[in-house]
Each structure stands twice: as C-alpha cells, then as structure tokens.
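From first to last, the protein sequence lines are chains A and B. In terms of this note's numbering, the first sequence opens at residue 1 and continues consecutively. In terms of this note's numbering, the second sequence opens at residue 1 and continues consecutively.
Worth flagging that the hints you see were computed from the coordinates, not collected in a lab. Take these hints with a grain of salt, some might be off.
Stated by the list, open to error - Some chain A residues flagged as far from chain B (calculated, every beta-carbon gap over 12 Å):
1. Gly16
2. Met24
3. Val142
To be verified - Derived EDC-like pairs: lysine to aspartate or glutamate, alpha-carbon spacing no greater than 16 Å straight-line:
4. A:Lys65 x A:Glu88
5. A:Lys411 x A:Glu439
6. B:Lys216 x A:Asp347
7. A:Lys40 x B:Glu163
8. B:Lys188 x B:Asp236
9. A:Lys45 x B:Glu31
10. A:Lys345 x B:Asp347
11. A:Lys45 x B:Glu439
12. B:Lys40 x A:Glu31
13. A:Lys220 x B:Asp347
Note that this is a predicted model, so its numbers are computed, not measured. Every residue, glycine too, gets a C-beta built ideally from N, C-alpha and C.
There are 2 protein chains.
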Amino acid sequence: MIKNSLGINLPEYIEGYGNVKPYMGAFANIENTSYTATRKNAFSKPNTKKLCLSIKESIEKSELKNGMTVSFHHHLRNGDGVMMAVIETIYEMGIKDISICSSSFTNAHENLLHYIKLGVITSLHTSGLRGNLAKEISTENVLKKPVIFRTHGGRARAIEAGEVKIDIAFIGAPACDEEGNMNGSEGKSAFGAMGYPMIDALYANKVVAITDNLVKYPLKRISIPEIYVDYVVVVDSLGDPNLIASGATRITKNPTELLIAENAAKVLIACDAIKNGFSFQAGSGGASLAVSMFLKDYMAKNNIKGSFASGGINAYLFELYKEGFFESLLDIQTFDGSIANEIAKNDGYIEMSASMYANPHNRSCVAHKIDMMMLSATEIDIDFNVNSITGSHGMIMGALGGAPDTAAGAKITLMTVPSIRKRMPIITDKVTNIVTPGESVDILVSDRGICVNPKRDDLKEKLNNNNIETRNIKEVYEEIISLTGIPSKVSYTDKIVGVVEYRDGTVIDIIYQIK
Amino acid sequence: MIKNSLGINLPEYIEGYGNVKPYMGAFANIENTSYTATRKNAFSKPNTKKLCLSIKESIEKSELKNGMTVSFHHHLRNGDGVMMAVIETIYEMGIKDISICSSSFTNAHENLLHYIKLGVITSLHTSGLRGNLAKEISTENVLKKPVIFRTHGGRARAIEAGEVKIDIAFIGAPACDEEGNMNGSEGKSAFGAMGYPMIDALYANKVVAITDNLVKYPLKRISIPEIYVDYVVVVDSLGDPNLIASGATRITKNPTELLIAENAAKVLIACDAIKNGFSFQAGSGGASLAVSMFLKDYMAKNNIKGSFASGGINAYLFELYKEGFFESLLDIQTFDGSIANEIAKNDGYIEMSASMYANPHNRSCVAHKIDMMMLSATEIDIDFNVNSITGSHGMIMGALGGAPDTAAGAKITLMTVPSIRKRMPIITDKVTNIVTPGESVDILVSDRGICVNPKRDDLKEKLNNNNIETRNIKEVYEEIISLTGIPSKVSYTDKIVGVVEYRDGTVIDIIYQIK
Numbered sequence: 001m002i003k004n005s006l007g008i009n010l011p012e013y014i015e016g017y018g019n020v021k022p023y024m025g026a027f028a029n030i031e032n033t034s035y036t037a038t039r040k041n042a043f044s045k046p047n048t049k050k051l052c053l054s055i056k057e058s059i060e061k062s063e064l065k066n067g068m069t070v071s072f073h074h075h076l077r078n079g080d081g082v083m084m085a086v087i088e089t090i091y092e093m094g095i096k097d098i099s100i101c102s103s104s105f106t107n108a109h110e111n112l113l114h115y116i117k118l119g120v121i122t123s124l125h126t127s128g129l130r131g132n133l134a135k136e137i138s139t140e141n142v143l144k145k146p147v148i149f150r151t152h153g154g155r156a157r158a159i160e161a162g163e164v165k166i167d168i169a170f171i172g173a174p175a176c177d178e179e180g181n182m183n184g185s186e187g188k189s190a191f192g193a194m195g196y197p198m199i200d201a202l203y204a205n206k207v208v209a210i211t212d213n214l215v216k217y218p219l220k221r222i223s224i225p226e227i228y229v230d231y232v233v234v235v236d237s238l239g240d241p242n243l244i245a246s247g248a249t250r251i252t253k254n255p256t257e258l259l260i261a262e263n264a265a266k267v268l269i270a271c272d273a274i275k276n277g278f279s280f281q282a283g284s285g286g287a288s289l290a291v292s293m294f295l296k297d298y299m300a301k302n303n304i305k306g307s308f309a310s311g312g313i314n315a316y317l318f319e320l321y322k323e324g325f326f327e328s329l330l331d332i333q334t335f336d337g338s339i340a341n342e343i344a345k346n347d348g349y350i351e352m353s354a355s356m357y358a359n360p361h362n363r364s365c366v367a368h369k370i371d372m373m374m375l376s377a378t379e380i381d382i383d384f385n386v387n388s389i390t391g392s393h394g395m396i397m398g399a400l401g402g403a404p405d406t407a408a409g410a411k412i413t414l415m416t417v418p419s420i421r422k423r424m425p426i427i428t429d430k431v432t433n434i435v436t437p438g439e440s441v442d443i444l445v446s447d448r449g450i451c452v453n454p455k456r457d458d459l460k461e462k463l464n465n466n467n468i469e470t471r472n473i474k475e476v477y478e479e480i481i482s483l484t485g486i487p488s489k490v491s492y493t494d495k496i497v498g499v500v501e502y503r504d505g506t507v508i509d510i511i512y513q514i515k
Numbered sequence: 001m002i003k004n005s006l007g008i009n010l011p012e013y014i015e016g017y018g019n020v021k022p023y024m025g026a027f028a029n030i031e032n033t034s035y036t037a038t039r040k041n042a043f044s045k046p047n048t049k050k051l052c053l054s055i056k057e058s059i060e061k062s063e064l065k066n067g068m069t070v071s072f073h074h075h076l077r078n079g080d081g082v083m084m085a086v087i088e089t090i091y092e093m094g095i096k097d098i099s100i101c102s103s104s105f106t107n108a109h110e111n112l113l114h115y116i117k118l119g120v121i122t123s124l125h126t127s128g129l130r131g132n133l134a135k136e137i138s139t140e141n142v143l144k145k146p147v148i149f150r151t152h153g154g155r156a157r158a159i160e161a162g163e164v165k166i167d168i169a170f171i172g173a174p175a176c177d178e179e180g181n182m183n184g185s186e187g188k189s190a191f192g193a194m195g196y197p198m199i200d201a202l203y204a205n206k207v208v209a210i211t212d213n214l215v216k217y218p219l220k221r222i223s224i225p226e227i228y229v230d231y232v233v234v235v236d237s238l239g240d241p242n243l244i245a246s247g248a249t250r251i252t253k254n255p256t257e258l259l260i261a262e263n264a265a266k267v268l269i270a271c272d273a274i275k276n277g278f279s280f281q282a283g284s285g286g287a288s289l290a291v292s293m294f295l296k297d298y299m300a301k302n303n304i305k306g307s308f309a310s311g312g313i314n315a316y317l318f319e320l321y322k323e324g325f326f327e328s329l330l331d332i333q334t335f336d337g338s339i340a341n342e343i344a345k346n347d348g349y350i351e352m353s354a355s356m357y358a359n360p361h362n363r364s365c366v367a368h369k370i371d372m373m374m375l376s377a378t379e380i381d382i383d384f385n386v387n388s389i390t391g392s393h394g395m396i397m398g399a400l401g402g403a404p405d406t407a408a409g410a411k412i413t414l415m416t417v418p419s420i421r422k423r424m425p426i427i428t429d430k431v432t433n434i435v436t437p438g439e440s441v442d443i444l445v446s447d448r449g450i451c452v453n454p455k456r457d458d459l460k461e462k463l464n465n466n467n468i469e470t471r472n473i474k475e476v477y478e479e480i481i482s483l484t485g486i487p488s489k490v491s492y493t494d495k496i497v498g499v500v501e502y503r504d505g506t507v508i509d510i511i512y513q514i515k
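I would like the entire structure built from these sequences, with the hints used as guidance.
Encoded structure:
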C-alpha cells in the first residue's frame, strides 16, 4: 500500500486498472518528459466511400475485436440512442470483453447493465455514473473491473497521453457530410458544442460518425474534420429528440437554496471577484444559476462587463452573453437544447475541445484562466475536500465533470451546499470519497454561514472588511452533528469498484464495494 | 541505383536526405501500417505567462540547439518579416546547422543565402524556391544538402508521419491572444486562411506565435488553439503590410493566353465537367483566372451552381461565391489581401488545414473530392509528365504547390501552357524534372490545340462528340521542334541539389547541380 498526499491508502497495483500513481498535490505531476499518443496512418484515394449501410458494417470495417476499447460522448444526454445501438450491434456480432470510454453515462445507458452481465462490456471509463447501473456496481461489483472515473480534462489528457487507447470512436453527429466533416449544432438532433469527441477523433485508431442528418459535402461549419473520420453511418435517428434537447436548467425556487445563492453572490462581490473583465464558470445546478441571477443584478447596477463564461453553457449564460454581460462563451457541452444552434451563429460563442477546456498537460487550458467558479457536490469535509461521486452511503451516484479541473484552475472556487440533506450531514469530518482536493476549494457557503479555507486568509480578510462574517468549518460541522448525530460509517468489502483519477492521471481515491 | 516507375534513376541513399523510397505510381504507397508522430507532453498552471519580451527570449525558452529544425509558413507572402527576424536572432545567438521547414519561400527570404553561407542554415524543406537563392543552389550548390521539395499535401503528410520532426514552429499570427489562440484573418497583417501551420502546431515540440495584434483573451475565431502554443511574442509588425496584402491576381490580357483559356473552358464544358454541384480548383495564374471567367458566363447562361472551389482562394473565386456560383470555398491560403478578412464573415468560406486539403495518408482529403482542376507549369512532355520546379535550363525557379496533390485527386486535370516560351519548347519529349506524373494529367490545352492523355479515351470521345478536334501530343511536339529546333541538353555535375518528393513521400525526381 502507498499513501497519497491526502492520506488515502492505495494499492500499488489494481487489477483491471494498472499501476497506481498516487495523487501528490493539484499541480505536482509535471508530465513534461513523455510524449503524446499516436494513431495509425491511413490512406485515401478518390472515390473511396466512407458511407456504410449499417452500424454493423462500420464495426466490421473498423475491425473491432474482443478486448478492444470503444469511445462515446454524452452530448445527446438522456436522448442518446447511439451508444446502445452500437453496443447491441457489438453483442449481436458476438464480440466480447469491450471497454467503453465515454465522456459520461446518462439515463439512456441503463441497459449497459445487461451487456455487462453478458460479458460484452467488461470495463467502463467515465466521468459519472448513476442509477441502477451505478448501484449494481457499488453493491454487487457486477463489472468486476473497477470503473475508472476521470474529469473532463483528465479524460482528454489520458487520451492525448496514450493512457487510454481508443480503438474505435463512435461519434453521434447531428450534421455530417459523406466524408465525415461534422458538427453538433445543426439538424433535428442538434445538441450544441461537441467538445469531448474532438479529442477522441484525434487519437482513435478508427473513427465512425453516426448521423441522422447527412448534408451536402462540404459541411460548412466543421467541428471535427474529415481527415480523422473513417466511416459514416446514416441512421434514422440519433435518439429521442425531446430528450436530446431537454435538460433546460431552471433557477431554483427552494428558499434555502436561494438564500445560499444570494449569500454566495455577496461573498463573490465582497472578494472583489465581480469586476470588469472577470471570467466565470458556474455548474449546471439550479443554485449556480441563482447565483448568476444575483450577480447579473450587481453587474447591471455597476455597469460591469465580464470577459468569458465557460464550461457547459446553459440558456441563462447565453442570455447574459446576448445582453452584453459577457464578451464571449467558451463551450464544451451545451446544457440547454434551446440554444443548440446558437454556437454557429454568434461570433463570441466559441466551441472548445475537452483538451482546450481543462487538460493540465497541454500548454494551457481555459480552466486555468477562470477567475471564479462555483460548484456544488454531495459532500464537503472540514479539510474542504469535496465529494461528488458517491453519496454518504458510499454508493456511486454522481460525476466528476469539470469541477476538479476548474476548481484547480480558478482564482476563487466557491462551493455551495445545504448543510444537511435528508438528515445526513453534508458538511462532514471526512468525505466518503475525495474528488476535488481541499487545496482547490476556497470558500464554502451553506445555510449555516460562510467558511473560508484557512489557506485563503486573503479572502477572509476581504470578507471581514466588508462586514461579512465567516465561521470556522469545524464549528459548523460540530453544530450539524449535534443535530443529526454522527452517521454510522459505511462498511465496505475489500473489492475495488471504482478508481477516481485526479485530472493529472494520479489516483486521488478508491471506491470500494459496499457491504 | 534504383529506378522509379517513371524510369528515373535514384540513388538508394542521399546524403542530407536519407533513404530513398522510389515513386511507383500516384496511389501506390499505402502507408497504413505506420503511426503518426508524437510531440512532448507539456504542463500548465494558472498564471503561467506565455508572453515573451522578444523573439530571442522565445527561442531561449524553446531551447533551440545546433542541428534542430524550425518551421515557418509563407502566408505573409512577399511582406513576411517573421522568418528573417527569427533567423537573424538565431544567428545572433550563435546557433548553427539549422534546418528550415517552410511551406514555401518568397522574395522576402532572399537573404537566407547570407545565413546559408554563414552555416546558420544548412537544410531547406519547401514547396518552392525562386530568385537568387534558387540560382546559387542550382549552380553553386551553396547549401551542400539537397533542398527537399514537398507538395502542400506532402508537407502535411511528412509532418504528421514524423518524417520531419519540427523542434520549434514559428507562426506569424495577425490576431493572437496571450495564450496563443490565433487566426490569420484579423488585424493589420491579416492574410486570410492559415492552413499550413495548423499542422505544424499539432506536431512541433514547441510552438511560438509571433503577433503584431495581441487581442483580449479569448480570441473569438480560433484557427490554432492555445493548447498547442508555448510562447507568444508581440512585435511591432509581421512585415510589410502592403506586400502582405498584395498579390491580387489579375485576368490575363495576353491574347494567346486568352485563346487558350477560352478553349480550355470549351473543353471542360464538352467533357460535361461543368454541371450542377461540380467542384473546382484553379491555380493562381492569370490563365486559370481567365478560364474561370469563361466558365462563369457558361454557368450563368445555363443556371449552373457549383459545389465548392478549393485551394488558394483568390478574389475572383470569392466574387463567384458571393454571386452564388459556388456554395462554398475551401481555403488553405488566401491569395488576395483584399479578401483576407472574409473567411471570418462568410458561412460558406471554410478554412482548411494542409492535411485536410491534400494529405493522402489521412482518412480523406479535399483534393480527392475535386471534379476538375486546372494547372499551368514550366514544361509538359509527351507522356504528360509536368514540370513546375525547374526551367528548361535546369535551374530551380518554381514550386510544387498543391498541383501534384489535386492533379492526383481530381476527376479531370487540365493543363494550359503556351507551346513555346522564349523560343524554348514548353511541350517537350522529356521534361527537365517531373513534379506531377503524367498519369495524373488528362488534357493539355495549348496554342497548338488540344491533346488528351491516351489513358483517357473517354474524354477524347466526349470532345470528338462535341466536334472538338484533338491532336496527338507527339505530333504537336514534332511541330514545335521543327520551329525551335531541339534544344541542347542541360549539363549537370553529379551533385544533388534537390530531391523532389511526391505527395506520398516517395522520390519522383532528383535535381542535380548545373554545370
């Protein structure tokens, strides 16, 4: 066993994962002596047809074999019909032992469980996992190999570094021409920015575009160019358009959340974070949206114009951009179907790859340019470590997303949580699993006041100068458990069901099977 | 010695070049078992500054050493001040034995000769070479190592395949932010499409952006993203804006050229090449422009709308696009300064990388989608082999450009030449050097009629059916030499001054020093 710098014990080697590099600090792993991954060179002649008559044909031509890795992206959200159509075809073709490297999984992928039980799928790499699939892995260890959890930046990094070798990338393309030039912003299945597979396409040995909207060559706005695409399959539909375009985020109406949001906005203003040219990322949650709403008022009154908002862009941020509150938007994944077409139409609405968003092992990334970011999570502890992958019960039920990436990069990272949820303390002595290390988290705003990470006395001073009271997080914790009691510890078996990679490829935590 | 399939003797190994793979046919080298190049992984933290105070600082930080390779692009044309500023700095820093891999050289680079003589520059990779520099290499072998000539597609291929390893790519950026997001279409030095360095940036170990227009982060229209850029240098000027923006192509007024152009247009129409949805590439020469003019008349009268025009896009093609004669433009390098800003403003005006344009060892390229392309050259022979790199006197004086790429890809390749220039036969028994193999050239239109490559009897039949007379190219040649006489053969030494690579990395010809 080895210990990482957060005191977590890690095996030196994990079956189904490999050698473990322990997390030693947010910027400790300086990967500047190794080289990027390669992909096979190809060959083309005039009149070579990429169009395949079926997904099956594209898989045959791509020479998928037992034990290989296929990749997907989750921009089609709960409406995604692509991944399951491919997996079903793989099953029908009798291919087994497949690893899936997806940017995430959604409700649309619940049926993976079936193919895991059949041995078709034997490994999952993802940012998040929820629902019954997550439950069966957490409690029954149905997958046997640990799920490898990566941040959005970490996934791009792992692919670029060759740590994940994608044999075939399947890309759902709402607009695509016969050579595979594609984008995500046109057609009945438009979802918006296409940031995740932009990296898969660069490094996969084979790339298959699956589209329900074959356009005349050449597609005019190209997010992934034809040079990376081997095959194009036209299907009737990429999934359920209503669910693809859904997910409109709404501002919370919960009074506690609104209060937290209002306080968070006050804190950010007092920290002098809201000034001309500031940049900003908020999560997709209703509370983050509420903070944005309060900030907008302040910006309007004080004539403040921000630089950029980044991340998953939602309709509210787009509205702020259109109203001139931000000069530009940097988008990896559009959260609202209602703005899926906008990226093509607005000069300042910029599509970025996952690597540009947050890969720490490139020459720079957007995550490192953010002035302030807000996140919420399932738990935070007295060392400001944040959990967003498991619940207090130890069950996998969340995602890493880009939070560890942007928390590391942002000048100020502010976390909002309710202090208690369903009688469980959300501010705890020790989070069930660590996803974002405390060193990246500066301020906590909950319904029990404001806590500042002791390493940020500068911010505490600013708050105090603005007559904003701060509290010691340990006091808050004590207050909470005086109400809830100390919850009983989760019992685990010795089976590892998940490995949580930090964005730099080190292991920040391990998830064990629940007893 | 080995022979390539065009009967040219090649050494198996060339000092300063390496092992020779002989050309064996336009699509014979199927490079689908090797892998793409890699580059060093990097590392970034928030607040890391890429801005350097000088070119010197960027070179120091990039750790340039004797014997390394630096790359440039020639989009700044005759106004380019970037390359010479970098080379002068390298000289001042005492660094020697540098290879330059540039997309091409222009008049702005004449002074390289000085640095070659000083031993600072010892190897050149380029698409073309002209002027005194070319003369001294051809006649005096001043460089000692052969110049390596590559097509635009071949250069992209060589970089992607790792055959050229770029240590530092210097990119002149008319618009750039502090993290290196850049484009070529904004600012006082705007030149338009940035197709060449888009590939250098992907594979160079270090990338330096040099700009005279530092914009607020993030730049909105991004041709090369920050993730590939190590350093940014702000200079007063990228060169002479008048010469950067110059190069407006004009339609020829020479009556012979106009007659050839008119006949070329008739031939293309008779071959049924000009119909709805056709795609098209014309060179930058005045004759090609004249053909476009005749075609426009025909298209207007017959209500024909083309699909795309590709290549270097000139103002006349842009006009055709604006008038609706073509649906889109695919541009690697904008030929006219007057349209340098247009790529950012027109939906159908698409920027493409050199790899997307013409790399034959990717999954596809635009060159392979072209219905018909027109080229001109210095010589063509009775086997339809084309020379555009040397004159009849054997002197280096031209460029490969994208001609071999698009000639190979296009369904119909039409060549226009005057049959005699300065009393020298332009249609010869054997071209001085082969750049584009005869198998890629279908039709020759000169002032002595129309010749069709015997392998294209289908086209000959179409022409004859339309009452267009064709001639045997050997008869035309005999007729020409009956007027000019047979020119005396060029005498060479046994020193190799140039290696002409075909687009697939094989050697199609060798250029020897002139006696």
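Practice item. Starting from the hint list further up, note which numbers the structure goes against and sort them upward. Key: Per hint list: zero violations.
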